[in-house]
Structures are given as structure tokens and as C-alpha cells.
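> Those sequence lines, one after another, are chains A and B. For what it's worth, my numbering labels the leading residue of the first sequence as 31, then goes sequentially. For what it's worth, my numbering labels the leading residue of the second sequence as 421, then goes sequentially.
Any given hint could be a false lead.
What the hints assert, rightly or not - Below, computed lysine-lysine pairings styled on DSSO-like, alpha-carbon distance capped at 27 Å:
1) Lys667/B - Lys155/A
2) Lys215/A - Lys667/B
3) Lys667/B - Lys183/A
4) Lys255/A - Lys282/A
5) Lys265/A - Lys282/A
6) Lys282/A - Lys269/A
7) Lys255/A - Lys269/A
8) Lys197/A - Lys667/B
9) Lys667/B - Lys190/A
Everything labelled a hint here was simulated from the structure, so no lab data went into it.
If you want the building blocks of each chain, they are given just below.
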Amino acid sequence: MLAYIVKRLLQSIITMLGISVIIFALVNLIPGNPYASMIDLSMSPEQVDALLRQLGYYDPLTVKYVKWLGRMLQGDMGVSIFYKEPVAAIIMSRLGNTALLAVAAILIGSMIGIVTGIFTSRHRKSLIDYLTTIFAFLGLSIPTFFFGMLLIKVFGVDLKWLPVSGKSTIGVTLSGMDYAWDVMKHLVMPAMVLGLMHAAALMRYTRSSMLEIQQQDYIRTARAKGLGERAVIYKHALKNALNPIITILSLKVPALLSGALLTETVFVWPGVGRLNYEAVLHRDYPLIMGIVMVLALFTLLSNLIADMLYAAVDPRIKYD
Amino acid sequence: MAATPLKSLAPGQLTWRKLRSNILAMFGLVILLSFMLITLLAPVLAPYGRDTIDMARVDQPPSAEHLLGTDELGRDVLSRLLYGGQVSMGVGVAATFFQLIIGVTLGSIAGYYGSRVDSTIMWVTDVIMCFPFFVIAISMAALLGPSVWNVILIIGILEWTAVARIVRGRILSLRSLEFVEAAKALGLSRWEIITRHLIPNTMGPIIVYATLSVAQGILAEASLSFLGLGVMQPQASWGGMMAAAQKMRVLQNEWWLWIPAGSMVLTTVLSINFLGDGLRDALDPQYKY
């Protein structure tokens with residue numbers, strides 16, 4: 031087990047180096063002088079030259095990379111051109127909102143997906159099975175932002191049941207439960223939109239996995255020893271069908287973050303995704319690169335954790 | 421015990437038979453073919469030109485003259501929808517071809533050569549897969565600038581990893597089989613073995629993947645254009661047309677500017693997904709994503 035952990039850690043570090051090379055390449059594709067934001071207009075050309083020399087503008091590419099990586103490792107991702115604040119601090123201030131949205135979406139999506147998945151696997155080839163399958167396909171096919179805009183139009187604009195944008199009502203100071211309730215109302219639609227795609231994928235996975243497991247010998251044994259259908263399905267089949275769900279969820283992390291970008295943009299949810307979109311609109315390159323770096327590392331980390339959890343949960347996994 | 425002579429079917433016929441009995445897949449195929457036909461015939465079918473501006477009739481709701489109304493420049497929405505389909509579907513198909521070229525090449529090299537070559541290529545796919553698609557896509561679009569070709573380029577560069585993994589996995593399991601040994605013994609070159617014997621045996625999953633990836637490409641193009649980072653005006657695309665709804669006034673009152681375009685994307689992507697799922701059942705039943 032220890033050897034497996036060490037091996038996976040080493041692998042992740044090598045992948046991380048790859049991520050940093052790609053981002054560094056993108057940084058170097060940025061038009062103009064990347065240090066332009068640090069130069070004061072009142073400086074003389076000699077001073078500018080000295081500053082650029084000190085910052086490493088004239089260094090060969092490999093030296094630049096090593097210096098850049100060193101700064102990144104210390105958490106120094108530069109200063110945002112638009113906000114004039116350190117990139118790391120801006121990202122940190124938005125991460126919580128994205129986490130709230132993502133967790134709500136995963137909860138909604140997993141609940142709907144797993145429950146309908148089990149149900150349809152038990153009523154295979156029934157009318158409900160077909161209808162649910164078609165709904166799952168619809169969920170996988172509708173553009174995220176289109177679904178979001180439809181919800182805004184119906185529930186926000188026409189029926190006026192829910193607020194259409196933001197995280198809380200602007201201009202009102204609420205506290206305690208009132209504030210939580212206000213945020214909840216703002217959260218419902220974006221979480222539904224982000225959770226839907228997830229629910230559809232998970233439903234299809236749960237259904238096929240449940241059907242497959244019911245053909246296994248140990249399920250036949252459980253039935254043969256006289257266990258009731260409920261015990262067979264929920265205690266024996268479901269447990270084994272859902273083991274790989276850790277892996278499935280972790281594989282969905284990039285898709286979730288990607289979907290969060292569109293969802294947050296449509297609903298003006300103040301998370302990292304919306305921040306990323308605004309940074310692109312402002313051509314705020316240090317901020318863009320910082321966000322890409324943080325989200326890629328987050329994806330890598332979640333895959334690593336998922337692999338280890340999975341190895342811990344399923345004794346059939348070999349650690350070599 | 422006279423054996424009844426069974427008519428043997430070519431693999432293509434067998435697949436078609438299975439596919440034909442799948443109602444959803446056939447539904448998808450019919451819708452898809454008719455959409456392709458009407459968008460390709462846009463120059464003939466469209467009642468107005470793509471960019472014909474009529475400032476006397478801006479933001480008009482649907483009427484007999486303009487079946488789907490007009491936009492803020494008085495352009496006919498139906499005509500733009502037809503022309504936009506060419507771009508949206510074209511990008512989906514072109515991006516898929518681009519992915520297949522990179523993915524099949526690298527995947528088969530990795531699978532056949534193994535060892536260092538394999539681990540290097542798989543390292544690259546691992547790295548690319550760490551980037552959430554839209555996060556890196558809009559950043560690249562910001563650097564490259566918005567255009568149809570850049571959208572195709574971005575989707576191609578970011579999405580080839582899945583097909584590379586599929587092809588690599590297949591070839592890895594095929595390369596120790598007898599027919600490959602036989603091909604080697606006959607003195608075939610590596611190139612011939614890979615292109616004539618191994619890749620044809622991975623066609624099933626490649627076809628399924630390619631079909632579904634056209635749908636992903638259409639969704640990606642629609643999203644990028646919606647964000648203003650894809651296809652630019654005056655060129656029409658379904659996603660670009662939906663960008664109009666970022667204005668609250670349009671979202672609230674002018675449904676004809678964005679709901680038809682969104683429905684076209686949804687219907688097209690849904691049809692492709694139905695077809696792809698049917699193809700998977702027909703070609704490659706044991707294969708799962």
C-alpha cells in the first residue's frame with residue numbers, strides 16, 4: 031500500500047511538471063511584455079532596462095521557466111492587471127463560492143442519478159425506464175447555458191419565483207438564517223443546471239452497473255440462501271455497484287469545473303468560473319493563468335485522492 | 421440433418437441490421453440527415469440573405485414575412501438559423517477529424533511500441549486531461565482570438581486524448597494476438613501492421629467515439645460562441661445567435677432570438693447522441709465509457 035501511494039505521488043509530481051510547462055508556454059504566447067504591468071511610466075529607459083534585467087526579461091527560456099516555477103511554488107502568481115491585487119488572493123476569495131455551488135450540484139446530481147438509476151435497473155424495459163433514458167439523453171445533450179437561460183426565463187422572469195442572478199440580494203443586509211435562506215434561493219437554479227448533466231451521466235452508470243452486477247455469482251448465492259429482494263439489491267448489489275463511484279466522481283471533476291464556468295457566467299455567480307470569464311474579457315493574463323493553474327492542480331489532486339480512497343475501499347485492488 | 425445454408429453477412433450489413441432495429445438511433449439518423457440537408461441548402465431555402473440588414477424592421481416578432489422574426493439589425497432569424505447550422509455542424513465535424521488524426525496516430529504508436537514511447541504519450545494525455553475544457557479553452561481563445569478556425573483548433577488540441585486512450589488500449593490487447601505474429605512473420609513493416617491490421621480492428625470504437633465527439637464539438641462551439649470567444653458576427657452560428665440572450669431585454673421578451681437556436685443545438689446533439697448510442701450497441705456491445 032505504501033509503495034502504491036509513493037508511486038502515485040511521484041506520478042502526480044511528473045504530471046504537475048507537465049501542467050506547468052503548458053501554462054508557461056501559454057504565458058509566453060501572451061502578446062506584449064508580460065512585465066508591462068510592473069513598469070512605472072515615470073521610469074527612465076535605463077531604469078526600465080535595469081528592472082527588466084532584474085526580473086529576468088533577457089534570460090534564456092529555460093532560466094525563465096525555472097524562475098517562474100520557483101515563484102509559483104511560493105504561491106506568487108503575480109498581480110492582476112484589472113484588480114491590481116495579488117492573483118492568489120483574488121482566486122482564494124472566490125473559491126468558496128465555487129465549492130458551494132459544486133457541492134450542491136454533486137448532491138442534487140448524485141441523489142437524482144443514483145435513485146433513478148436503481149429504479150430503472152429494477153424496472154427494465156418498462157415505460158418509465160424508456161422515459162428516464164430519454165430524459166437522461168436530454169440532460170446530456172442540452173447546452174448548459176441554454177438550460178440555465180430557460181430556467182431564468184421561466185422561474186425567474188415569468189413566474190418570479192427565484193432570483194435570476196448573483197449569490198445574495200444586493201442592497202439588503204441580512205444575517206443568520208435569513209441570509210442562508212437568501213443564498214439558498216440564489217443557489218437553487220445554478221445547482222440544478224450544474225447537477226443535471228451529472229445526474230444524467232450517473233443514472234446511466236448506476237443502471238448499467240446494477241444490471242451487470244445482478245448477473246454475478248454472489249448475487250445468485252444471496253438469492254439462493256433465501257434473502258429478500260430488498261436485501262439483495264440494497265445490501266449486496268448496490269454496495270458493489272457504487273464502489274467505483276469515487277473514481278467516477280473524481281473523473282467528473284474537470285467536467286464539473288468546466289460546467290461551473292458556464293453556469294456561473296449565466297447566473298453571475300461570484301465563483302472562480304465567472305472570475306475566469308471576466309478575466310478573459312479584460313484580457314487579464316496573470317489572473318487567467320493563475321486560475322488555469324489552480325484548477326488544473328485541483329483536478330490532479332482530486333484524481334490522486336480518489337485513487338487512494340478507492341484502493342482503501344476496495345480490497346480487490348492490487349497495490350503494485 | 422441437412423444444414424440450412426445461412427446467408428452470411430458482411431460486418432457492415434450486420435451493424436446496419438442491428439442499428440435499423442433501434443428506434444432512437446434511427447430517429448436520430450433521420451433528424452440529423454434532414455438537418456444537414458436543410459442547412460446545406462440554406463442558400464436556396466433561406467427566405468433572406470444571411471446579412472441582409474433591414475433597419476425598418478428591427479426586433480420584429482415572428483410574422484408571415486419573417487417566420488422567426490428579426491434581430492436587432494433587422495436580419496431574418498430563420499435565414500441566419502439555416503446558415504448558422506452550416507457553421508455549427510461544420511465545426512463539430514472538422515474538430516472531430518482533427519482529434520481523430522492526432523488521437524489515432526498517437527494512440528496507435530503508444531499501443532504498438534509500448535515502453536518509453538507509450539509512457540511519454542500517456543503522460544501528455546494525463547497532463548492535458550487535467551485541464552477543465554472550458555477553463556483552458558477560453559484562455560486559449562483569449563490568446564488566439566475568436567474565429568471559426570481557432571475554435572476547431574482549440575477543440576482538436578484539447579479533446580484528442582480520449583480517442584488516443586481508446587485506440588492505445590485496443591492495440592495493446594491486439595498486438596500479442598496470432599494474426600499480428602503472422603503479419604510479422606510475413607515480413608510486413610510496422611507501418612503496414614499498424615495501418616492495415618491494427619487500426620482496422622479498432623474501427624468499431626473509433627466510429628462510436630467519432631459520432632459522439634461531433635456532438636461534443638457542436639456543444640463546445642455553441643458555448644464558446646455564446647461567450648463571445650468563438651464564431652464572430654456577421655458570420656452566424658447557433659451559439660453566437662444565443663449570445664443575444666445575454667441582454668436581459670432579449671431574454672425576457674424576444675424569445676425568437678435565442679430559443680430557436682438553442683432548440684436546434686439541443687435537437688442536433690440529442691440526435692447524434694441517440695445515433696452514437698445505437699452504434700455502440702451495434703458495433704461494440706462490451707465497450708463502456
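> Does Lys282/A sit within 27 Å of Lys255/A, going by the straight-line distance between their CA atoms?
violated (38 Å)
> Is it true that the CA of Lys667/B sits at most 27 Å from the CA of Lys155/A?
Measuring from Cα to Cα gives roughly 44 Å; hence the hint is violated.
> Given the hinted pair Lys197/A and Lys667/B, is their alpha-carbon gap at most 27 Å?
holds (19 Å)
> Does the alpha-carbon distance linking Lys667/B and Lys190/A stay inside the 27 Å limit?
Distance ~18 Å between Lys667/B and Lys190/A Cα, so the pair holds.
> Does Lys282/A pair with Lys269/A here, judged by a C-alpha cut-off of 27 Å?
The hint holds at about 20 Å.
> Are Lys667/B and Lys183/A close enough, with their CA atoms no more than 27 Å apart?
Between Lys667/B and Lys183/A the Cα gap is close to 12 Å, so the pair holds against 27 Å.
> Check the hint pairing Lys255/A with Lys269/A against an upper bound of 27 Å on the C-alpha distance.
Holds. Lys255/A to Lys269/A sits at ~19 Å (cutoff 27 Å).
> Against the 27 Å threshold, does the CA-CA distance of Lys215/A and Lys667/B hold or violate the hint?
It holds: about 22 Å lies between the C-alpha atoms, which stays within 27 Å.
> Does the alpha-carbon distance linking Lys265/A and Lys282/A stay inside the 27 Å limit?
holds (26 Å)
Figure legend: structure checked against the earlier numbered hints; hints not met, in rising order: 1 and 4.
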